[in-house]
Amino acid sequence: MQIGFIGLGRMGTGMALSLLRGGHDVIVYNRTDSKAEALAEKGARVAYDVAGACKGDVVVTMLSNDEALKEVTLGDRGILGSLQRTAIHISSSTIGLDLSERLAAEHSARGQGYIAAPVLGRPDRAAEGELFVVAAGSPDAIAQAQPIFDAIGQQTLVVGNEAPKANLAKLSINFLIATVFESLGEAIALIDRGGLDKHQFLDLLTTTLFGAPIYKTYGALVAADEPPAVGFAAALGFKDIRLALSASEKLGVSMPFADVLRDRFVELLATEGEEQDWSAVGRMAFRDTRQRAGAE
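Numbering of the sequence shown is given in numbering that gives the first Met the number 0, commencing with residue 0 and proceeding in unit increments.
Hints are supplied without guarantee of correctness; some may be wrong.
The calculated DSSO-like cross-link candidates involving lysine-lysine, where the alpha carbons are at most 30 Å apart (straight line), are [claimed, not checked]:
#, residue 1, residue 2
1, Lys34, Lys69
2, Lys164, Lys69
3, Lys69, Lys249
4, Lys54, Lys41
5, Lys249, Lys164
6, Lys34, Lys54
7, Lys69, Lys54
8, Lys215, Lys164
9, Lys238, Lys249
10, Lys164, Lys238
11, Lys164, Lys54
12, Lys215, Lys238
13, Lys215, Lys197
14, Lys238, Lys34
15, Lys69, Lys238
Because the hints were derived from the structure by calculation, they are not lab data.
The structure displayed is predicted, hence computed values, not measured ones.
Using the sequences plus the hints, can you model the full thing?
Structure below.
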């Protein structure tokens with residue numbers, strides 16, 4: 000299958016590599032040409048504008064936020080005006096519900112397919128083709144896109160025919176991950192104050208009742224003695240919490256703990272900057288809780 004791929008950040012690069020490994024003809028585009036050209040060494044073809052990545056059956060976007068996706072899709076020589084009729088746009092970006100609904104309508108009006116397909120997993124899993132794909136769109140479009148999902152992921156979970164449902168699921172999951180950061184940070188501060196080793200405590204958690212990957216992967220990051228490498232930037236985590244709160248307002252659902260997390264991210268970014276892994280929220284919770292305990 001000929002696939003255009005737009006957005007070569009940490010996740011996008013891993014996904015594009017998995018598509019190449021799966022034998023697909025991949026045309027890559029990124030605003031920073033060097034990122035696209037690096038994939039040419041792996042067998043990708045390079046496009047030097049958005050339209051150049053829209054010549055095939057499908058174009059996949061993996062962009063950082065709503066504004067970037069709007070610019071690439073709706074702007075001059077964007078995806079909407081460049082993609083052939085009956086071709087499919089797969090958006091794997093984590094975006095708000097309103098934009099997802101708009102893109103589905105705009106593509107439909109032009110006879111193009113649109114699938115919201117955000118993914119679960121970190122960049123190393125993307126490069127191994129071991130993501131989880133959360134998809135929503137027409138059954139025919141999803142069936143056509145299944146070889147792509149099989150190349151990038153270990154499982155595809157279809158949550159409905161309406162694209163925003165996949166985005167709602169992804170925002171809710173990212174909210175839950177952030178709650179794990181906060182709760183782990185506080186729990187580790189508690190056991191540290193009581194004289195227990197935090198790494199031993201984490202081993203206790205993950206080998207008994209909390210053996211889920213989320214606790215194993217992110218627990219290790221929160222408990223690490225040194226800041227981990229950035230897999231998912233804190234600024235993007237903050238964006239996702241804001242989008243979850245926006246969805247809660249749209250749907251009339253109170254999410255008081257999301258307010259707590261928003262404030263935590265505001266403090267984190269203001270004091271420690273954007274270029275850190277979003278698990279730093281848990282490390283901040285650990286440090287702050289321990290400091291408050293020491294002051295009492």
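(message) Hints numbered earlier in the text: which of these fail when held up against the supplied structure?
(response) none
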